[in-house]
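K.L.:
Please model the entire structure based on the sequences and the hints provided.
Here's the letter readout for the chains.
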Amino acid sequence: MSVTVADIKQINQLAWTLSMASAQDRLDVPGEYIWAFPKDDSFDSVRSRSRSIFSSGNSIKDPDVINFVQNCDVAKHLLNPWIVNTFESAFPAWIGAGTRYRLDNFDLFKYIGFSAGTQESFLNHYLTNKDRRFRVFRGDYWWHMDIWSKTNISWAYIEDDDLDANDTCIVSYPFALTGDKHPQLDWLIDQCEYKGIPVMLDFIYLPNSNNAVDIDLSAECIQQITFSFSKTFPVQCAKIAVRMCKQKPDDPMQKSNDENICNRLSAGLALDIIKNFPVDYNVIKYSTRQEYWCKQLGLQATKVVHFGLGDDYTFYGRDKNTAWCSPFNEQQNRYNLGMLFENEKLLTNIGMCNFNDDIDISKQTSQSNN
Amino acid sequence: MKLKLEFDNIVDRPCCSVTVNQQQLYRGEVRPELTLFSKDLTDRVELKITHYDKKPEETVVVDGKIVQDRSFTLEKIIVDNYSFDELIWESKFYADTGEVYPSCLFFGPNGNFVIDFQLPVLPWILKTRHQKNNNDPNWEQDYNYYEQACQLLSQISNK
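Chains Z and L, in that order, give the protein sequences.
Note that the numbering used here gives residue 205 to position 205 of the first sequence, counting from 1, and the numbers run on in steps of one.
Note that the numbering used here gives residue 36 to position 36 of the second sequence, counting from 1, and the numbers run on in steps of one.
Listed next, the in silico BS3-like pairs over lysine-lysine satisfying Cα-Cα at most 25 Å (straight line): (1) L:Lys4 to Z:Lys39; (2) Z:Lys39 to L:Lys2; (3) Z:Lys39 to L:Lys127; (4) Z:Lys9 to L:Lys127; (5) L:Lys76 to Z:Lys39; (6) L:Lys127 to L:Lys39.
Keep in mind the hints are simulated off the structure, nothing from the lab.
P.N.:
What follows is the structure, given as structure tokens:
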């Protein structure tokens, strides 16, 4: 087995250069959050941003998707009372067309709800299960642990205590930290099935994954599954997600769906996107780029196309004291390669990238819903 | 080298001169801000700010208390857009009366405020800060990344 050794020097130079380019407004695709912009191009500002340049799990800011979204007429969706339902009806077929993962018994999840980001689904799950103890694997989405801790909700890492019938579990698949199946997922599903513990599976990176997910969803314990658009398309702040359930939920989010008061702008935008981009759009477009950058930088490509794994290039964000946003945010050795993909032109112009494979986007393997 | 000095608490129109390596850049009344330029400086720099022309009667004492005093305070030294911040205290004030006051930014008596630094100033700031606080062992490596990023981006025209 070959062992990859990260080229820390090159990774650092890329981080500093992208950070500096961001400060000078010279990125091909600028950041989408205030925190992603250094306040100026001074040493301290550039250094600070360089430390988080490969953090976050956000989507690739694909220029073609950005261009498409900018030309969408979303306002018209406000006038369409059926738009959310139309999106909800179209979504399962879009997901189901993917050939790079396997979701057996996907059709058992008959109740499909628009969610204002997966966070709305999570909050509703917390509320519905408020008398249970929440359980996650170490390294899963930090937001859960942060919110539970701040609101005094009972929780524990799965690794730290036995599973109890009064628990409820949330697991990302592919797993957030590694971009692959969590090694204990099968064990967890078996245990939860045996003990009657409800499980929410968060298919957060599913569209960007390639042969990471293969699951039979018929286990009764798997009651809810969630899908996020913010990790697939650069529409993070449109807050688009979907929750699918086997039984009709009775919670505030479902109430909003039933009342027909969900965000029509976002649902309409989501429908426009899935009509025009196949579910594995990023895998098709960026797999060879992922390979290229991982080889260049001595990283191990993950089964999620915008991640690589490798040695840390900085100790910032790697422990509770320096973690971004929350002490529960364990980035460890995960690299989000998005900024390298998005800024290919800039990096090529300054001699830091020589990727030249002109990928043919028509080589898709799944069907778009055109 | 671009040198910016910021002064505060300026009382009774005091005068100062500013010299770097014996090259006088300014002589006259103290202003809240002075922006000065010096050419052909490399490596070691001695910055001297001289308070002059103050007369004994310009310190007014009533009942043992100073009630009026021609004086000023140095607030900031900024070289090539990098502020010295806390490193401004790595200085001495040599009063004309012979006393030496370390880390003194108050220009009460006539005399010379002196601080030594090196150009380019950024690595000097990083190195000195690390020597004092022992909290930035990667400063040199990071400075090189920063410089290299500047050079790489200077190859291409601005947007």
